[in-house]
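Residue-level listing of the chains:
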Amino acid sequence: MSNAQEKVLLVTTSPHIRGPEDIPRVMWTVVGALAPAGLVGVYLFGYYALFIVILSVLAAVLTEAVIQKYLLGQPVSVKDGSAVITGILLAYILPPGVPWYIPIVGAIFAIAIVKHAFGGLGNNIWNPALAARAFLQVAYPAPINSDWRVLKQGGIFSNITGVDSITQASPLFKEFGGKTYNYTDLLTGNVPGCIGETSAIALILGGLYLIYRGYVDWRVPAGYIATVFILAKFLPAKIEAPWANDPIYHVLAGGLMLGAFFMATDMVTSPLTKKGLLVFGIGCGVLTTLIRFYAAYPEGVCYSILLMNTATPIIDRYTQPRLLGQGKK
Amino acid sequence: METVLAALISMGFLGLFFGLGLAFASERFHVDVNPKVEQVEGSLPGINCGACGYAGCSKYAQAVALEGVPVNLCVPGGEAVAEKLGNVMGVKAEKREKRVAVLMCSAKNVKDKFHYSGVTNCRAAFLVQGGQKNCEYGCLSFGDCVVVCPTKAIKMQPNGLPVVNEDLCIACGKCAEICPKNLYKILPISKYVHVRCMNLDKGGTAKKKCDNPCIACMKCQKVCPFDAIHVTNNLAVIDYNKCTSCGECVKVCPTNIIRNYRDGRPAVAGWVNQWIDMAMVTKRSPKKRS
Amino acid sequence: MLAGVKELKSFNGGIHPPFDGKSLSKNKEITQAPLPEVAYLYMSQHIGVPAKPVVAKGDVVKKGQKIGEAPALVSAHIHATVAGKVTDITFKPHPVTGARTQVVVIQREGDDEWAPGLDEPQDVEAMSPDDIRNLIREAGTVGLGGAAFPTHVKLSPPKDKKVDAVILNGAECEPYLTCDYRLLMEKTKEVIEGLKIIMKCLGCKNAYVGIEANKPDAYDKVRSAVGEDPHIKVELLEVKYPQGAEHQLIKAILGREFKPTQLPIEAGAVVHNVSTTYAIYEAVKYKRPLIQRVVSITGDGVENPNNLLVRIGTPIEPLLKAARLKEDANKVIYGGPLMGIAQPSIADAVTVKGTGGLLVMRNAGEWQSRACIRCGKCVDACPYGLNPSLLSILCESEHFQQAMEFNLMECKECGCCTYVCTSRRPIVHLIKTAKYELARQKARAQEAQKAKEAQKAQAAPAVTATAPK
Numbered sequence: 001m002s003n004a005q006e007k008v009l010l011v012t013t014s015p016h017i018r019g020p021e022d023i024p025r026v027m028w029t030v031v032g033a034l035a036p037a038g039l040v041g042v043y044l045f046g047y048y049a050l051f052i053v054i055l056s057v058l059a060a061v062l063t064e065a066v067i068q069k070y071l072l073g074q075p076v077s078v079k080d081g082s083a084v085i086t087g088i089l090l091a092y093i094l095p096p097g098v099p100w101y102i103p104i105v106g107a108i109f110a111i112a113i114v115k116h117a118f119g120g121l122g123n124n125i126w127n128p129a130l131a132a133r134a135f136l137q138v139a140y141p142a143p144i145n146s147d148w149r150v151l152k153q154g155g156i157f158s159n160i161t162g163v164d165s166i167t168q169a170s171p172l173f174k175e176f177g178g179k180t181y182n183y184t185d186l187l188t189g190n191v192p193g194c195i196g197e198t199s200a201i202a203l204i205l206g207g208l209y210l211i212y213r214g215y216v217d218w219r220v221p222a223g224y225i226a227t228v229f230i231l232a233k234f235l236p237a238k239i240e241a242p243w244a245n246d247p248i249y250h251v252l253a254g255g256l257m258l259g260a261f262f263m264a265t266d267m268v269t270s271p272l273t274k275k276g277l278l279v280f281g282i283g284c285g286v287l288t289t290l291i292r293f294y295a296a297y298p299e300g301v302c303y304s305i306l307l308m309n310t311a312t313p314i315i316d317r318y319t320q321p322r323l324l325g326q327g328k329k
Numbered sequence: 001m002e003t004v005l006a007a008l009i010s011m012g013f014l015g016l017f018f019g020l021g022l023a024f025a026s027e028r029f030h031v032d033v034n035p036k037v038e039q040v041e042g043s044l045p046g047i048n049c050g051a052c053g054y055a056g057c058s059k060y061a062q063a064v065a066l067e068g069v070p071v072n073l074c075v076p077g078g079e080a081v082a083e084k085l086g087n088v089m090g091v092k093a094e095k096r097e098k099r100v101a102v103l104m105c106s107a108k109n110v111k112d113k114f115h116y117s118g119v120t121n122c123r124a125a126f127l128v129q130g131g132q133k134n135c136e137y138g139c140l141s142f143g144d145c146v147v148v149c150p151t152k153a154i155k156m157q158p159n160g161l162p163v164v165n166e167d168l169c170i171a172c173g174k175c176a177e178i179c180p181k182n183l184y185k186i187l188p189i190s191k192y193v194h195v196r197c198m199n200l201d202k203g204g205t206a207k208k209k210c211d212n213p214c215i216a217c218m219k220c221q222k223v224c225p226f227d228a229i230h231v232t233n234n235l236a237v238i239d240y241n242k243c244t245s246c247g248e249c250v251k252v253c254p255t256n257i258i259r260n261y262r263d264g265r266p267a268v269a270g271w272v273n274q275w276i277d278m279a280m281v282t283k284r285s286p287k288k289r290s
Numbered sequence: 001m002l003a004g005v006k007e008l009k010s011f012n013g014g015i016h017p018p019f020d021g022k023s024l025s026k027n028k029e030i031t032q033a034p035l036p037e038v039a040y041l042y043m044s045q046h047i048g049v050p051a052k053p054v055v056a057k058g059d060v061v062k063k064g065q066k067i068g069e070a071p072a073l074v075s076a077h078i079h080a081t082v083a084g085k086v087t088d089i090t091f092k093p094h095p096v097t098g099a100r101t102q103v104v105v106i107q108r109e110g111d112d113e114w115a116p117g118l119d120e121p122q123d124v125e126a127m128s129p130d131d132i133r134n135l136i137r138e139a140g141t142v143g144l145g146g147a148a149f150p151t152h153v154k155l156s157p158p159k160d161k162k163v164d165a166v167i168l169n170g171a172e173c174e175p176y177l178t179c180d181y182r183l184l185m186e187k188t189k190e191v192i193e194g195l196k197i198i199m200k201c202l203g204c205k206n207a208y209v210g211i212e213a214n215k216p217d218a219y220d221k222v223r224s225a226v227g228e229d230p231h232i233k234v235e236l237l238e239v240k241y242p243q244g245a246e247h248q249l250i251k252a253i254l255g256r257e258f259k260p261t262q263l264p265i266e267a268g269a270v271v272h273n274v275s276t277t278y279a280i281y282e283a284v285k286y287k288r289p290l291i292q293r294v295v296s297i298t299g300d301g302v303e304n305p306n307n308l309l310v311r312i313g314t315p316i317e318p319l320l321k322a323a324r325l326k327e328d329a330n331k332v333i334y335g336g337p338l339m340g341i342a343q344p345s346i347a348d349a350v351t352v353k354g355t356g357g358l359l360v361m362r363n364a365g366e367w368q369s370r371a372c373i374r375c376g377k378c379v380d381a382c383p384y385g386l387n388p389s390l391l392s393i394l395c396e397s398e399h400f401q402q403a404m405e406f407n408l409m410e411c412k413e414c415g416c417c418t419y420v421c422t423s424r425r426p427i428v429h430l431i432k433t434a435k436y437e438l439a440r441q442k443a444r445a446q447e448a449q450k451a452k453e454a455q456k457a458q459a460a461p462a463v464t465a466t467a468p469k
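Protein chains in written order, with our numbering: chain A, 1 to 329; chain B, 1 to 290; chain C, 1 to 469.
Keep in mind that the hints were calculated from the coordinates and are not lab data. Predicted model only: the values in this text are computed from it and were never measured. Glycine included, C-beta positions come from ideal geometry on N, C-alpha and C. Take the hints with a grain of salt, since some may be wrong.
From chain B, some residues computed to sit far from chain A (all C-beta separations above 10 Å) [stated by the list, open to error]:
hint: 1; residue: 36
hint: 2; residue: 156
hint: 3; residue: 160
hint: 4; residue: 177
hint: 5; residue: 200
hint: 6; residue: 221
Label pairs and their in silico Cβ distance ranges [to be verified]:
hint: 7; chain 1: A; residue 1: 117; chain 2: B; residue 2: 66; range: 40 to 50 Å
hint: 8; chain 1: B; residue 1: 5; chain 2: C; residue 2: 397; range: 53 to 63 Å
hint: 9; chain 1: C; residue 1: 400; chain 2: B; residue 2: 66; range: 41 to 51 Å
hint: 10; chain 1: C; residue 1: 233; chain 2: A; residue 2: 188; range: 52 to 62 Å
For lysine-lysine, the following DSS-like pairs were computed, each having C-alpha atoms within a straight-line distance of at most 27 Å [as the list claims (entries may be wrong)]:
hint: 11; chain 1: C; residue 1: 259; chain 2: A; residue 2: 275
hint: 12; chain 1: C; residue 1: 452; chain 2: B; residue 2: 181
hint: 13; chain 1: C; residue 1: 9; chain 2: A; residue 2: 275
hint: 14; chain 1: C; residue 1: 52; chain 2: B; residue 2: 181
Just chain A, same shape as in the assembly (with noise of 0.2 Å):
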């Protein structure tokens, strides 16, 4: 047949059209959406807290980088943002007096043994940022147990010693003599703690607009906060705090809002099925709640969503979806 300049084609399996969302999309759109907290953040503490989302994006971009270009010969993938939301959820739970070396630290732990050790994206087990928090709570427990402060506005790279700051108990504050923080406050983040996790209401607008968008199951968020919003109301508390037993105070202080909305929501290290999205958040809400009551750490968040993440395959393995005309009604 005519071979006169004949089309070259392309060919590929079926489908030959693809959706819109891709991983950078997805990403970015994360991104976005964790920028009102951390807009908060930098309006309650100072632009040091800027400098240390900062320091955590570039460490953790740059760690990615590196990895991917000279010790596993992949093409750098940093573009897609992933590494991006690895930094600022690291800096969003660190106090915001860190010294500038933790972020450092821990965004290198974070991308380099979490992530790439097990593989790259999509094959670590635990969430980065949390696994990495975890690592510095351990390695550096004095500045980031001790530091909850509230800084008013300083200097730009002025660190918490040359500032005026007022050092606070956290909301979450288990012995005796904490203070306790009325509900508007801790709604709108004028409370101490971490950079990211204080404000509510920022948080809970971003993670709205992630389900708005189908990034994120709301069975998780809703599964976990319904959780510990029942389990703080019913369980004897070993707590001697005024708000022991007070399930809004405990759904709104501390890191819950954050963890609810963009940890556990981590789409690599949470389940696939919707069943076991549920499944998940619950497991969360009930860990934290233990870990709140009757553990040592005045805060659960981070330990819970990282025991979770580890038993997420077998969460998996028994949510499996259901064959359709298999088993039916």
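Go by the hints and put chains B and C onto chain A.
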């Protein structure tokens, strides 16, 4: 002193306790294994290559010891292992010739029919309109055989054709199984003249697609003194039972697809053959075209 | 339409691409394509055993003359689609399977005349179900939705299975394609007539017509054509792919479920799409074999998308040229964008019975696959309740046996998972490769079993010269 003593005593008791437990368990849950099976398995190389046709060395050992399967099937072990097994089983090991995998394609300048995009292995590409190459019989060059080869005997050349290192090849047949175009044949090493083409197209059509096709010119069939080569379905096929690798057909083949691997030399070290083969692929192509 | 949202019937999972491309050729009336100078008729244009040629090189054939005889029940006859001379019987790569398939080449000659005994009005009323079935079998009718399953087999349900619903599939859920829609609009009466023939053949009282909600005009037309008939219900369905797949259609209309590997007969239903039903009408009412069908030529790669009545075996090059193929078109697909089959070249491809559309794409994309990020979108999108994420990972790492345990074989390759995949993984391709590999392993195992038995029969441990397995 007291603590040391306490430690020693407690550890000692623990050791005794567990030791007794293990001893009891090994008696109590003992599984009878035919001693012959164990002996046979002990003589096998234990690399579980599957070349014998059984799923691993222990399965073959069972087959030898219990079912009386021939003892000379272990390819990596060769004659030495066959002899050992023969001694164990009390039979004489028949000599079995080393066999190797041969790629029946010598594609040269085969252009792509279309631009393929998708999973990058031969089988996946084969599922998309039979593969991207113009010659629908030839090698797809994604190297599934290279990946599957347990002894790393197959290497991909820059020209997109894999080459088999005969020294390393254990004739396990995995490459023959995985190749979607069925281009590999497992043949005795003494047969070293092959028609390295699978193209069933008519001469002219075949020639358009590839510089080295079988054009079914019948010259080899006419020249063969042993009536071992026949052209059927536009392709010359060698009957290896009759072929003596004399190389007459090699001399007349106009497209150089019938090739003597060793140019009449006796079997030499694999790397020499490999070197010759690579040299032939790069050198011995008709230059009339340009 | 908004008022009826609540009543739209649907199924779980599925996708809806934001641009469904129907507007390109939706309003183009069906026109007769120019007859091909040379028709290439593959002997395998259906699922099942290939037909055997019953003509020889040099024979003169009339239009509609049988040139390929079905050698088995699950097979279909092939008819000459133009009058002319058989110039060659050879082998060519099949446009759908890619395998070398026997093909009869007919050079068009003389008048476009029907073979004797064909194209005569029949008395449908007087026919028995077996007569209808025979006529359909003789006409070589196959499912024209793409899978090309022989229709007479679908119309011969096993004795122990009862069919209580015939469904006319007017969903046409694949984006871009409009051939069924045009038929529904222009041949409404004939299609409904065809549906009644199917009902008569199966002895089934109830029938349903399923139409996606984005075709309200077709819905109205069918409604009025059905009239007061209480046995035919016309249903409006949610606009969602794969609404027109048998499982989803039956789930949406009848609420019954059956396994992906089972046939609709398990749910007591038989599904035929519009094109097939029209072909059945033609075959039974006028004794016309299946020699032509409506093909949508569409996509952004042609300037003039249209719907043509095309003889089967027509080379696509003139069809595309007539639709003014654009210079930068780089992909030609038989069928829709989600299950269609990309063609290796424009010059060599000819239409087959299952070709309902020629989709020409410009700037067709290539995608860089990455590791699964477990977003779970594929699990939500899979209309068959599989776990495509897990399957793709198992298939990629060649753990085929484990993949089998997770229902690999139940996958119908509809492409929803791959469409939504955020990591751009070629899930369908991986699954196809796995199925192919498993089929080969099975064939090898059977061969080995046979060889073993043969060896035992000989009782002599002969050392063979072939591969050990």
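Do the hints match the structure? See the list:
1. 36: The claim stands: residue 36/B keeps its Cβ more than 10 Å from every Cβ of chain A (closest is about 42 Å).
2. 156: It holds; residue 156/B is separated from chain A by about 18 Å at its closest Cβ, greater than 10 Å.
3. 160: holds (18 Å)
4. 177: holds (23 Å)
5. 200: holds (20 Å)
6. 221: Fine: 32 Å to the nearest Cβ keeps residue 221/B off the interface.
7. 117/A <-> 66/B: 40 to 50 Å: holds (47 Å)
8. 5/B <-> 397/C: 53 to 63 Å: holds (55 Å)
9. 400/C <-> 66/B: 41 to 51 Å: violated (30 Å)
10. 233/C <-> 188/A: 52 to 62 Å: holds (57 Å)
11. 259/C <-> 275/A: Within the cut-off at roughly 21 Å; holds.
12. 452/C <-> 181/B: Given pair residue 452/C, residue 181/B holds - Cα atoms ~25 Å apart, limit 27 Å.
13. 9/C <-> 275/A: Holds - the C-alpha atoms of residue 275/A and residue 9/C are around 24 Å apart, at most 27 Å.
14. 52/C <-> 181/B: Answer holds: residue 52/C to residue 181/B is near 26 Å, not above 27 Å.
Against the hints set out earlier in the document, a violation occurs for number 9 only.
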